[in-house]
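In this note's numbering, the protein residues as written are 13 to 222.
Rather than coming from a laboratory, the hints here were simulated on the basis of the structure. Heads up, some of the hints might be wrong.
[What the hints assert, rightly or not] DSS-like cross-link-like pairs, simulated, lysine-lysine; straight-line CA separation at most 30 Å:
| id | residue 1 | residue 2 |
| --- | --- | --- |
| 1 | Lys66 | Lys110 |
| 2 | Lys196 | Lys54 |
| 3 | Lys126 | Lys141 |
| 4 | Lys201 | Lys67 |
| 5 | Lys155 | Lys67 |
| 6 | Lys146 | Lys201 |
| 7 | Lys79 | Lys155 |
| 8 | Lys67 | Lys141 |
| 9 | Lys71 | Lys126 |
| 10 | Lys189 | Lys216 |
| 11 | Lys71 | Lys201 |
| 12 | Lys75 | Lys54 |
| 13 | Lys150 | Lys62 |
| 14 | Lys126 | Lys210 |
| 15 | Lys150 | Lys201 |
| 16 | Lys220 | Lys196 |
| 17 | Lys75 | Lys201 |
| 18 | Lys65 | Lys75 |
| 19 | Lys210 | Lys71 |
| 20 | Lys75 | Lys126 |
| 21 | Lys66 | Lys221 |
| 22 | Lys220 | Lys201 |
| 23 | Lys126 | Lys110 |
| 24 | Lys214 | Lys146 |
| 25 | Lys110 | Lys221 |
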Amino acid sequence: MTRIRLIALRSFLAAATVIPASAAAMTPGTAQAGESAMESFKSRHEAVVKLVKKKASAKALEKEVDKLLDYQWIAEAALGGPSSYAGQCAERCDEFEKLLGELIRQNYLRLLRKADGQEVQYLGEKTGKTGAVKIDTKLAVEKNGRTQDVVVAYVLHRQGGHWQVRDIITDGVSLAKTYRYEFKQIHAKDGIDGIIAKLEQKLKELDKKG
């Protein structure tokens, strides 16, 4: 092969490996390494909202929500942090994390369903000293037969190169702090067995509500 033809072939192969901008564009629910916390959250949150509006299957919803929430971080924080986590839940850590994750997922989806197709308002974001980002949102939900505005803040941090939610604050009440306080009381009396029994009870109550 002549030098000219070899150069031409190399140029063709290099051009063929360039991804067009349209192909590289993000689809709802995906995350890119360089995007901001707000961009990542809106992409994934809106993907879940769309599935809720479409009344998608439980499996499809679970898959999308699980991209957004950092269950491991939330579970560890609920039992006092990474340093005490293993000692608090011992051989039942996996079971605890699974049940807590399911409860958080279901409550998150219930909140979106109560919004009944209303648009989510993104009020802004604030970066804390640790690098975590709090994103404030507002949505109208049906409560006691009335439509009420609810302010929900999502606290995100970088995990594995992507932004994930590690706390949800509804009308000023932190999910992480609430669980931490509640589980501390239960653990002091009944240990991890009591906490798991409580989680199972809460999930059964949600099933009854539908």
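Results for each hint:
1. In summary, the hint linking Lys66 to Lys110 is supported, as the alpha carbons are separated by about 26 Å, within the 30 Å threshold.
2. At roughly 33 Å between alpha-carbon atoms, Lys196 and Lys54 are farther apart than 30 Å, so this suggested pair is violated.
3. For the given pair, Lys126 sits about 34 Å from Lys141 by alpha-carbon distance, which is inconsistent with the 30 Å threshold.
4. Taking the CA atoms of Lys201 and Lys67, the gap is near 41 Å; set against the 30 Å cutoff, the hint is violated.
5. Only pairs whose Cα atoms come within 30 Å are accepted, and Lys155 paired with Lys67 is accepted, the gap being roughly 20 Å.
6. Only pairs whose Cα atoms come within 30 Å are accepted, and Lys146 paired with Lys201 is rejected, the gap being roughly 34 Å.
7. Only pairs whose Cα atoms come within 30 Å are accepted, and Lys79 paired with Lys155 is accepted, the gap being roughly 28 Å.
8. Pair hint Lys67 plus Lys141 does not hold up; C-alpha atoms about 39 Å apart against a cutoff of 30 Å.
9. Between the alpha carbons of Lys71 and Lys126 the distance comes to roughly 20 Å, so the proposed pair stays at or under 30 Å and holds.
10. Straight-line distance between C-alpha atoms of Lys189 and Lys216 comes to about 23 Å, which keeps the hinted pair within the 30 Å bound.
11. For the suggested pair Lys71 and Lys201, the alpha carbons sit about 36 Å apart, so the restraint of at most 30 Å is broken.
12. Restraint check for Lys75 and Lys54: satisfied, since their Cα atoms lie roughly 17 Å apart, inside the 30 Å limit.
13. For the suggested pair Lys150 and Lys62, the alpha carbons sit about 17 Å apart, so the restraint of at most 30 Å is met.
14. For the suggested pair Lys126 and Lys210, the alpha carbons sit about 24 Å apart, so the restraint of at most 30 Å is met.
15. For the given pair, Lys150 sits about 38 Å from Lys201 by alpha-carbon distance, which is inconsistent with the 30 Å threshold.
16. Of the supplied pair hints, the one linking Lys220 and Lys196 holds, its CA atoms being roughly 27 Å apart against a limit of 30 Å.
17. In summary, the hint linking Lys75 to Lys201 is not supported, as the alpha carbons are separated by about 35 Å, beyond the 30 Å threshold.
18. Distance check on the hinted pair: Lys65 and Lys75 sit about 16 Å apart at the alpha-carbon level, within 30 Å; holds.
19. Distance hint between Lys210 and Lys71 is fulfilled; the C-alpha atoms sit about 24 Å from each other, no more than 30 Å.
20. The straight-line distance between the Cα atoms of Lys75 and Lys126 is roughly 20 Å, inside the 30 Å bound, and the hint therefore holds.
21. Between Lys66 and Lys221, the direct Cα distance comes to roughly 20 Å. Compliance with the 30 Å bound is thereby established for this hinted pair.
22. Only pairs whose Cα atoms come within 30 Å are accepted, and Lys220 paired with Lys201 is accepted, the gap being roughly 28 Å.
23. For the hint linking Lys126 to Lys110, the alpha-carbon distance of about 24 Å falls within 30 Å, and the restraint holds.
24. Between Lys214 and Lys146 the CA atoms are separated by roughly 27 Å; this keeps the pair inside 30 Å, and the hint holds.
25. Of the pairs offered as hints, the one joining Lys110 and Lys221 holds, with about 21 Å between alpha carbons and a cut-off of 30 Å not exceeded.
Comparing the model with each earlier hint shows violations of hints 2, 3, 4, 6, 8, 11, 15, 17; every other hint is respected.
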